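Residue numbers (our numbering), protein chains in the order written: chain A, 1 to 369; chain U, 1 to 369; chain Y, 1 to 369.
Hints are not guaranteed to be accurate.
Which copy is meant is left open, so a pair is good if it fits within one copy or across any two.
[To be verified] Straight-line alpha carbon distances no greater than 16 Å define the calculated EDC-like cross-link-like pairs of lysine to aspartate or glutamate that follow:
1. K127 - D340
2. K127 - D283
3. K279 - E342
4. K127 - E342
5. K121 - E342
FYI, nobody ran anything at the bench for these hints, they're computed from the structure.
Bear in mind the structure is a predicted one, so any value in this text is a computation, not a measurement.
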Amino acid sequence: MSRFLRPSLNWLLVFLPVAFALRYVPGWRHETALFFASGLAIVPLAGWMGSATEQLSHRLGQGIGGLLNASFGNAAELIIALMALHAGLIDVVKASITGSIIGNLLLVLGASVFAGGLRHKSQQFNKTAVRASCTALILAASALIIPSVFHHTADRHPGGWTPAAEQNLSLAIACVLLATYVALLIFSLGTHRQLYTGHTGAAPENATADGEAPWTIRRSVIVLIIATSAVAWVSEFLVGAVEAARHSLGVTETFVGIIIVALVGNAAEHSTAVTMALKNKMDLALGIAIGSSLQIALFVAPVLVFCSYFFLHPLNLEFTLPEIAAVVIAAFAATQISGDGESNWLEGVQLLALYAIFGLLFFFLPAAT
Amino acid sequence: MSRFLRPSLNWLLVFLPVAFALRYVPGWRHETALFFASGLAIVPLAGWMGSATEQLSHRLGQGIGGLLNASFGNAAELIIALMALHAGLIDVVKASITGSIIGNLLLVLGASVFAGGLRHKSQQFNKTAVRASCTALILAASALIIPSVFHHTADRHPGGWTPAAEQNLSLAIACVLLATYVALLIFSLGTHRQLYTGHTGAAPENATADGEAPWTIRRSVIVLIIATSAVAWVSEFLVGAVEAARHSLGVTETFVGIIIVALVGNAAEHSTAVTMALKNKMDLALGIAIGSSLQIALFVAPVLVFCSYFFLHPLNLEFTLPEIAAVVIAAFAATQISGDGESNWLEGVQLLALYAIFGLLFFFLPAAT
Amino acid sequence: MSRFLRPSLNWLLVFLPVAFALRYVPGWRHETALFFASGLAIVPLAGWMGSATEQLSHRLGQGIGGLLNASFGNAAELIIALMALHAGLIDVVKASITGSIIGNLLLVLGASVFAGGLRHKSQQFNKTAVRASCTALILAASALIIPSVFHHTADRHPGGWTPAAEQNLSLAIACVLLATYVALLIFSLGTHRQLYTGHTGAAPENATADGEAPWTIRRSVIVLIIATSAVAWVSEFLVGAVEAARHSLGVTETFVGIIIVALVGNAAEHSTAVTMALKNKMDLALGIAIGSSLQIALFVAPVLVFCSYFFLHPLNLEFTLPEIAAVVIAAFAATQISGDGESNWLEGVQLLALYAIFGLLFFFLPAAT
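Chain A extracted, bound-state conformation:
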């Protein structure tokens, strides 16, 4: 039965040759089609990267394995964002950070809670573990507000303001966020790991593997290398086609980053989390959704700031007011929903309604000039 419950996304691999054809066959080049084909092709590849990482983690034991999972769990998003950073699409990169956070907290968590709630009247989970994650979420959301508060305030004192101070502040905050992530890993993999029985905080170890025989280390490594290389290659198609695609669709860079790129990068988590919720394994579903958004905020975002110094486009953590509103409200809503240790379908609808509202906001919002 479990095979029918878990919708495989492997059929989307058909878009991989399509993307290559659209890119390399002379005369077939069509940017908008390439954008969608490469986006869809990344979905199953990101899923394979995740499965291989989990299998490898499982073999390496809880300590090193957990660390591996925590670092590579969102590697597909990281690769896409690095490609976009390299191409100078700063707004797309920033929007993909906030889009991944709200996508996980509102769309993935909302769909999981809703789908699970349709099948089960009330679903329970361990609220102590979720509480620690939600506190980290609130910390992360607060930290991502600060550079904008700085910019807004310093902007009104033109004499004193320097972009250098803004960049240094972002860099310092990135260091604090990464240090907090390390502390969270020590807590969840070390001193208090018994709170996270059956799964690690960052990503559940047997989430996609259940019902399958475990992979060998050799197989895991080979799959990981192939899937990672393919994601990196196809990400370049995706990023290269962003500008043409968004013009033909009539949407802004922010909308592409916050909705489309975030959807592509999180589709695998999405599918797994919903499956777990349907099976009434809410600890796993929440672990995926909340853990993944934490990984983006506390690990991917700081790493992107550090990496940006190797490119010609230093990245700061100053987000726009709509992005800040989205992250803060999403963190707060996820905290409120999960605070009592049980969920029902209405809570899923409420999270999805918030996602719809933010989707509408970013759809109607004009481009920054």
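Since the structure of chain A is already known, use the hints to place chains U and Y on it.
Just chains U and Y, lined up with the frame of chain A:
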């Protein structure tokens, strides 16, 4: 004893002939007096509308009855707001929406918790039901922020901004809010109605009826028709006198909407909620206060947006910064107070202190130019 | 063992003669050195003021004693702020208010939770008492937002705005805050004092006294008078040297107030709270940290507003955006951390990370022009 506990507001009906006299007797016309007389006359009429709706709901059974209650529970506010919308008093309409929300969450809830807490050392209530309502409150407050975030952000990109996009965003958000309200009704009247034992989420069915013989359907319908017609008639006096009254009182349109109109529309709920709290029926008291503010945010506000298209003044959901601060803080304070399933008098004082602070803010705030 | 656990700060009294020498010995005057010497000398003096107040409270019984404790518990901060107000350093005064609040909620609470958590895997405390304090915190943080909301909104309607209205609003809010503080005292010392078993809400009665013989009333009064006079005298050195010191250090008035002055005024509480946490007396540790920040917001801030009318520099409660962000986030983080009645070391790290982020923000922020 219960008759002494529940202060009847029927003696305020004496202001009904006074209002008619001030309006129609030649030479007696005095706008400020008319404003107060019609405001005071609406209080008992709104109470009769509420009682008739509840009685009818009771007769029609939980499904249809709950729906009726949820739709007409705040009909008096809706009628006043429609009259004001028709008269083009857009600021009064918007302020009456936010004023009703904070009036219910801070003044009505605060007075109930305080009064109940003076008589009972600690009062308990079902925190699961309240939690679902508070999550809906937070969703509603978040949604009401979005159009202002849009306006503030789009304003800084003059090339791209169009009032049409702003209006469409408000319309789309109104649809999402109404859909959420429908989901909340399905939850509280359908799939999870056992959480709301003894009362519906939106309005308690036997709140004002206890100790009285039930009414017949015929009597309920007649009272409902008469009270509704009278409210509609007197609302026109109230709205017509707003401009003159606010000039002679030296207050702004926003203050009139947020404090005075909201007080008039909610006086009946106020009286009932305090009575229930004194009787230690905190589930009913919280159901009235929080349910009523939810009804305003998720039902009345969207309906006003839809209806505004039939008038010449389309209404958007863009509120001012003080209004947003008031709604967000009120929603958050109500969530914090009710989150542990018990209340004491200090929590009532804290809610009332917040109401006082917002009253002062709107009193001192100059009019928008 | 307890003597080793509780680090005495008395050795810092060596800075008292140093400060006098730097101030009065001809040729020795050095403003930056004087600033630090007087700051360090205040730390143990403030500690003695606190001990004498507690001893006196203990002798006078719970009613009057609790009131005394609640009024003089932060007397050192009040004296420093009054000196700064007298010298016209309005920005330093305001920053010392917000700095004391976030210092207590993030640094003192964070260090206590972290230190306690290193020794004890999980620490429990009475969540009902903490919840009442956190609700008061949220009320206080909301109230401190309002004058800025007023200023920002009124600023956009130049015709209607008057500084007088702003000042009156701050004065009215100060009255509401003080009334809320009186209500909190009636609750914690009167009607619900059994919730606070073993300590009062505002300051623990035997926190610094344990292990010592109780003092006589005579000794308490003499120590209180001497320590208070010394604090008042040395505060004048500190305030007089602020301008020169901040120039030589290259930091803003806000940074001096929010970080340095707040550290000096709270060092004694800090040391006591950490000691209590190490002894697993979390109710006392939280009582000190949260109670002290409440005392600043609900008692010290209003008293400073009232006192400012006796000087030539009326103080309003309008804070800058970074200060507001800091207070709101600190109040929210403390509420989230303490809401479940237990703490662990990770929560301490998270609070300290937030303090570090705000320290960075205020360090990089240019001076207001």
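Hint check results:
Taking the closest pair of Cα atoms, K127 and D340 come within 16 Å of each other both inside a single copy (7 Å) and across two copies (10 Å). Taking the closest pair of Cα atoms, K127 and D283 come within 16 Å of each other only inside a single copy of the chain (9 Å); across copies the shortest separation is 22 Å, beyond that limit. For a Cα distance limit of 16 Å, the shortest separation of K279 from E342 inside one copy, 15 Å, qualifies, whereas the shortest one across copies, 31 Å, does not. Taking the closest pair of Cα atoms, K127 and E342 come within 16 Å of each other both inside a single copy (8 Å) and across two copies (12 Å).
Proximity of K121 and E342 under a CA criterion of 16 Å is satisfied intra-copy only: 10 Å inside one chain copy versus 25 Å between copies.
Hint compliance for this structure: every hint is met.
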